[in-house]
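Visitor: Each chain is listed here by its residues.
Number of protein chains: 2
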Amino acid sequence: MRRTITGYSNPTVKYLRSLRDKKHRRREGKFLVEGLRLLTDALESGRVPEILVMAEKRDPHSLIDALERAVDAAGGEVIETSPDILSKITGKDNPQGVAGVFAEFDTSLAALDRNSAPIWLVAQALRDPGNLGTMLRTGDALGAGGLILIDDCADPFSVEAVRASMGAVFTQGVARASWEEFIAWLRQGEGQLVAASLRDAVPYRGAPFAAPCFVMVGNESQGLPEEYEAACDLRVTMPMRGRADSLNAAVAAAVLGYEVLASLEG
Amino acid sequence: MRRTITGYSNPTVKYLRSLRDKKHRRREGKFLVEGLRLLTDALESGRVPEILVMAEKRDPHSLIDALERAVDAAGGEVIETSPDILSKITGKDNPQGVAGVFAEFDTSLAALDRNSAPIWLVAQALRDPGNLGTMLRTGDALGAGGLILIDDCADPFSVEAVRASMGAVFTQGVARASWEEFIAWLRQGEGQLVAASLRDAVPYRGAPFAAPCFVMVGNESQGLPEEYEAACDLRVTMPMRGRADSLNAAVAAAVLGYEVLASLEG
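Protein sequence lines, in the order shown, are assigned to chains G and U. Here the working numbering is used: the first residue of the first sequence is -1, the next is one more, and so on. Here the working numbering is used: the first residue of the second sequence is -1, the next is one more, and so on.
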């Protein structure tokens, strides 16, 4: 289906614009992805937008043509509109003139196969969508299975998180759960839960990591609750040579994750 | 000196507010720091604000008292104002009711002593102030000497960078230089320049790092120019098990920096 929208007050424009808001995303179960690169990443990962929005008079591009064909083939909707209306939808200049709407993925723990990857990242009450997206990107680089979001985290389907993930939101599994749900799920099978900690910990370098290894980081300002640290199978320390006693959450996950990767492959 | 400001249109309010803007910071050579934690970090690092701004009717706090005494002792200015005016200055709610103005530090390469630390971080055309601040924070944790900003980078004295640094802007050296200035300075003494690269590189794990080691990362979207990679003494690869061929710049600096630290100390 194909149509052209010319008015700012068109209900579809309002609908698309509303997807920048978490509450509306949740209610609709859809999210918005901006830019040709991310949409192409999605397509290469087998994800086709339900709605493709393109600016009129955009520069021709073979990747946009490929997106259009894929959306047509999947029975999706292609909308053409003015660059101004597209900017209104995405909230910024969109020089590539393209955005897409996707159905949110299943984010239940049950959808994860823990034995499909040696490493999983876990974030607890992570508030910054940029950190969340960066963790997805790091997970992709590590060959991790996905990111498990514990307690009240930023929205992995926000524009900021999707952008920071550099497309990894389409390749990494994402699950959302309470701590009780997560720990119950984890203990139903194999899995080593690891966190950086100052309590009863061993040096991270050369620590006895085991697959599937779940690398957990805590909230940006509070860190992990003591109870969560106590439930870990392995607590590790990382060198802190300066004034501070912690790293940025996404940085800590990456340094620890790369150590786990080297350990498991060494 | 102590005074109370009650009007939004007071020139000092306009001056303080203008420091949120890069152009004005550069011209004045001053920067704004918000919040009790960062100001206390600064004080512990021996940096006293030239101006301390406090909200009237704030909750009493011994750390605020300590700041006040330090500013008085250094001959600085203490300003009391309404919470609303303070919010206008800092551009957000400031529940701790305190902000400070500091003189920008010397950011010339000549101010750095390369032999004072085994690791230095180098960023080229880094555009995101959050990434920049995160690199400062990581540098503090690594015991690095500081961060060298090559070409046109985000401003290390922006509110966002200072906040993401978690106070490390006060403990890490910061230098700004063109590539030509940097490489000329580097080659005047000891120093190994290292970057992650896909060209003619060795695995990062177990690579022959040597102090003082300068770990360089490139622009968020472009990476390092080929010429800069070619000028490195050591090019290393990091595992990329997924779709993407790069990490977030601050993450890459941290993973590489922790490997250098382990190598030099091992």
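There could be a bad hint or two in this list.
One copy or two, it doesn't matter: identical chains are merged, so the pair holds either way.
[Stated by the list, open to error] Derived lysine-lysine pairs resembling DSS-like cross-links, with alpha carbons at most 27 Å apart:
#, residue 1, residue 2
1, K55, K20
2, K28, K90
3, K55, K21
4, K90, K20
5, K86, K12
6, K90, K21
Keep in mind that the hints were calculated from the coordinates and are not lab data.
Visitor: Next step is simple, just say for each hint if it's right about the structure.
Guide: Hints and how they fare:
no.	hint	verdict
1	K55 <-> K20	neither (31 Å within a copy, 35 Å between copies)
2	K28 <-> K90	within (20 Å within a copy, 31 Å between copies)
3	K55 <-> K21	neither (33 Å within a copy, 36 Å between copies)
4	K90 <-> K20	both (18 Å within a copy, 21 Å between copies)
5	K86 <-> K12	within (9 Å within a copy, 32 Å between copies)
6	K90 <-> K21	both (20 Å within a copy, 23 Å between copies)
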